[in-house]
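K.L.:
As given, the protein sequences belong to chains R and W, one line each in that order. Positions 1114 to 1205 (my numbering) are the ones given, in order, by the first sequence. Positions 124 to 510 (my numbering) are the ones given, in order, by the second sequence.
Wrong hints could be hidden among the right ones.
[To be verified] Short derived list, chain R residues pointing at chain W, Cβ under 10 angstroms:
| hint | residue |
| --- | --- |
| 1 | Tyr-1126 |
| 2 | Ser-1131 |
| 3 | Val-1148 |
| 4 | His-1151 |
| 5 | Asp-1153 |
| 6 | His-1157 |
| 7 | Gly-1163 |
| 8 | Ala-1167 |
| 9 | Tyr-1172 |
| 10 | Glu-1176 |
| 11 | Arg-1179 |
| 12 | Ala-1187 |
| 13 | Ser-1195 |
[Claimed, not checked] Taking lysine-lysine and the DSSO-like style, the derived pairs with C-alpha atoms no more than 30 angstroms apart in a straight line are:
| hint | chain 1 | residue 1 | chain 2 | residue 2 |
| --- | --- | --- | --- | --- |
| 14 | W | Lys-367 | R | Lys-1155 |
| 15 | W | Lys-453 | R | Lys-1164 |
| 16 | R | Lys-1129 | W | Lys-367 |
| 17 | W | Lys-370 | R | Lys-1156 |
| 18 | W | Lys-487 | R | Lys-1156 |
| 19 | R | Lys-1129 | W | Lys-362 |
| 20 | W | Lys-362 | R | Lys-1183 |
| 21 | R | Lys-1155 | W | Lys-509 |
| 22 | W | Lys-367 | R | Lys-1156 |
| 23 | R | Lys-1164 | W | Lys-370 |
| 24 | W | Lys-476 | R | Lys-1155 |
| 25 | R | Lys-1129 | W | Lys-416 |
| 26 | W | Lys-453 | R | Lys-1129 |
| 27 | R | Lys-1156 | W | Lys-340 |
| 28 | R | Lys-1164 | R | Lys-1183 |
| 29 | R | Lys-1183 | W | Lys-370 |
| 30 | W | Lys-362 | W | Lys-340 |
| 31 | W | Lys-418 | W | Lys-340 |
| 32 | W | Lys-476 | R | Lys-1156 |
| 33 | R | Lys-1164 | W | Lys-379 |
| 34 | R | Lys-1156 | W | Lys-453 |
| 35 | R | Lys-1155 | W | Lys-453 |
| 36 | R | Lys-1129 | W | Lys-509 |
| 37 | R | Lys-1164 | W | Lys-367 |
| 38 | W | Lys-453 | R | Lys-1183 |
| 39 | W | Lys-222 | R | Lys-1155 |
| 40 | R | Lys-1183 | W | Lys-476 |
It should be emphasised that the hints constitute simulated quantities derived from the structure, not laboratory data. Computed from a predicted model, the values in this text were never measured in an experiment. The beta-carbon is built from N, C-alpha and C at its ideal position, and this holds for glycine as well.
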Amino acid sequence: MAQVQIPSPLRQYTEKQSTVLVSGATVGDALSSLVSQHPDLKKHLYSDDGKLRAFVNVYVNEEDMRYLQKEATALGENDTISIVPSIAGGIL
Amino acid sequence: MPTLTEPVSLTNDEILRYSRHLIMPEVGMEGQQKLKAARVLCIGAGGLGSPLALYLTAAGVGTLGIVDFDVVDYTNLQRQIIHTTNDVGRKKLDSAAEKLKALNPFLNLRTFETKLTSANALDLFREFDIVADGTDNFPTRYLVNDACVLTGKPNVYGSIFRFEGQASVFATEDGPCYRCLYPEPPPPGLVPSCAEGGVLGILPGLVGVIQATETIKLILGQGDSLAGRLLLVDALGMKFRELKLRKNPDCPVCGKNRTITGLIDYEEFCGIRGQEAPAGENDVPAISVEELKKKLDARADIFILDVREPHEYQICNLNGYLIPVGDLPKRVNELDSSREIIAHCKMGGRSAKAVNFLRRSGFKKVYNLTGGITAWAEKVDPTMPKY
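All chains should be built: construct the whole structure from the sequences, respecting the hints.
P.N.:
What follows is the structure in structure tokens.
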């Protein structure tokens, strides 16, 4: 099981949990497991054509998954996935 | 950083003022002279800008530019600590200038009462060495980033949301820029603002001082800057985490094959220009607070639905039935569609969404309270608190 760190703007969709445990051999599997546990997350993470939204970055430990093997990045037991959306405070 | 060809001199007063810097080898006379020669531009004199400007001024940065066209609001005082109660209604630039000059008369302060735009950013940035971004919206963040890359100035970045923050240094020569991290902004309306989402008052203090620290380190050439690292601050857990940032070789503004070589229309880029008003807020069936008061006085059979959060209900309420807007789909069967329902929230936005949802679910007699409980407090019951 890997841990997914949920950023505060998205915690309203994970019943306020800041960490969710998911199963999956790869990052892609883990994220699918995450959105099936918390379906409201889906549209905030993925656009209609199933791609991860460009203002959301996914890290495995401290590395951006874009520079690893993206969704195919393999996950170990103690790996932490972090979802890092862009924030700008103030008014949008 | 421009190397000093001739060191700027420090007066005896300055030497005494900065003695605690001078006695540290990491700063010393040479470092303090670099600070005095440095020109830093702060975008924003608000939450992040307050601690940024104050600490840079205290540290002896020679020239500070501030860009802000806003006026001090009462609700700013919870976190924008450069402004005081007497400054409410005053231009933020005037308020900030007064405090900064009082703190350090040696400061060469340049104020720019203007919105930062694609028309003025490049010329403005060329007059400074470092830009510290304290803005509160995505279009300006992308503008600042692109202008920094195009003019070759480091962008000391900080951003906040509720009780979390981010900090980094973008647009250094070999480092990533903001677009390397986030090529595209979120669509408008997806991420709430401080007015809607709230913000822990201390948070911009924490992040703003981190920005001031990074700015000073860049000037001094000391320590390890946050370039290439994203610092994530979680104030509630008091945890600091670091993620690696890499320069994206395909970045359109700082990569190998640059397609962005000039500033663009950032409002359009962020999807704001030409965007219709949030779904149906303007054409959802509504009633005014005066009409609601009349109906209540006439003892009409009305069901008031409050779609705010429980902690807002505790501040003030109209004795409505509370179902937070996010819970509405799950709890819709608690409502009687045969009754006239008036839905309200704080200002009318969330309740408009609730009315749209209920009408699509078959409720015919449901209306939005225009202006929300804030309008009630303004026009019907002035004893009710506003928040």
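K.L.:
Now tell me, hint by hint, if it's right for this structure.
P.N.:
A quick look at each hint next to the structure:
no. : hint                      : in the structure
1   : Tyr-1126                  : holds, 9 angstroms
2   : Ser-1131                  : holds, 8 angstroms
3   : Val-1148                  : violated, 16 angstroms
4   : His-1151                  : violated, 13 angstroms
5   : Asp-1153                  : holds, 9 angstroms
6   : His-1157                  : holds, 7 angstroms
7   : Gly-1163                  : violated, 17 angstroms
8   : Ala-1167                  : holds, 4 angstroms
9   : Tyr-1172                  : holds, 5 angstroms
10  : Glu-1176                  : holds, 6 angstroms
11  : Arg-1179                  : holds, 8 angstroms
12  : Ala-1187                  : violated, 18 angstroms
13  : Ser-1195                  : holds, 7 angstroms
14  : Lys-367(W) / Lys-1155(R)  : holds, 25 angstroms
15  : Lys-453(W) / Lys-1164(R)  : holds, 28 angstroms
16  : Lys-1129(R) / Lys-367(W)  : holds, 27 angstroms
17  : Lys-370(W) / Lys-1156(R)  : holds, 28 angstroms
18  : Lys-487(W) / Lys-1156(R)  : holds, 29 angstroms
19  : Lys-1129(R) / Lys-362(W)  : holds, 18 angstroms
20  : Lys-362(W) / Lys-1183(R)  : holds, 26 angstroms
21  : Lys-1155(R) / Lys-509(W)  : violated, 35 angstroms
22  : Lys-367(W) / Lys-1156(R)  : holds, 26 angstroms
23  : Lys-1164(R) / Lys-370(W)  : holds, 22 angstroms
24  : Lys-476(W) / Lys-1155(R)  : holds, 20 angstroms
25  : Lys-1129(R) / Lys-416(W)  : violated, 37 angstroms
26  : Lys-453(W) / Lys-1129(R)  : holds, 17 angstroms
27  : Lys-1156(R) / Lys-340(W)  : violated, 40 angstroms
28  : Lys-1164(R) / Lys-1183(R) : holds, 12 angstroms
29  : Lys-1183(R) / Lys-370(W)  : holds, 16 angstroms
30  : Lys-362(W) / Lys-340(W)   : holds, 23 angstroms
31  : Lys-418(W) / Lys-340(W)   : violated, 64 angstroms
32  : Lys-476(W) / Lys-1156(R)  : holds, 17 angstroms
33  : Lys-1164(R) / Lys-379(W)  : holds, 25 angstroms
34  : Lys-1156(R) / Lys-453(W)  : holds, 18 angstroms
35  : Lys-1155(R) / Lys-453(W)  : holds, 18 angstroms
36  : Lys-1129(R) / Lys-509(W)  : holds, 27 angstroms
37  : Lys-1164(R) / Lys-367(W)  : holds, 23 angstroms
38  : Lys-453(W) / Lys-1183(R)  : violated, 35 angstroms
39  : Lys-222(W) / Lys-1155(R)  : violated, 47 angstroms
40  : Lys-1183(R) / Lys-476(W)  : violated, 36 angstroms
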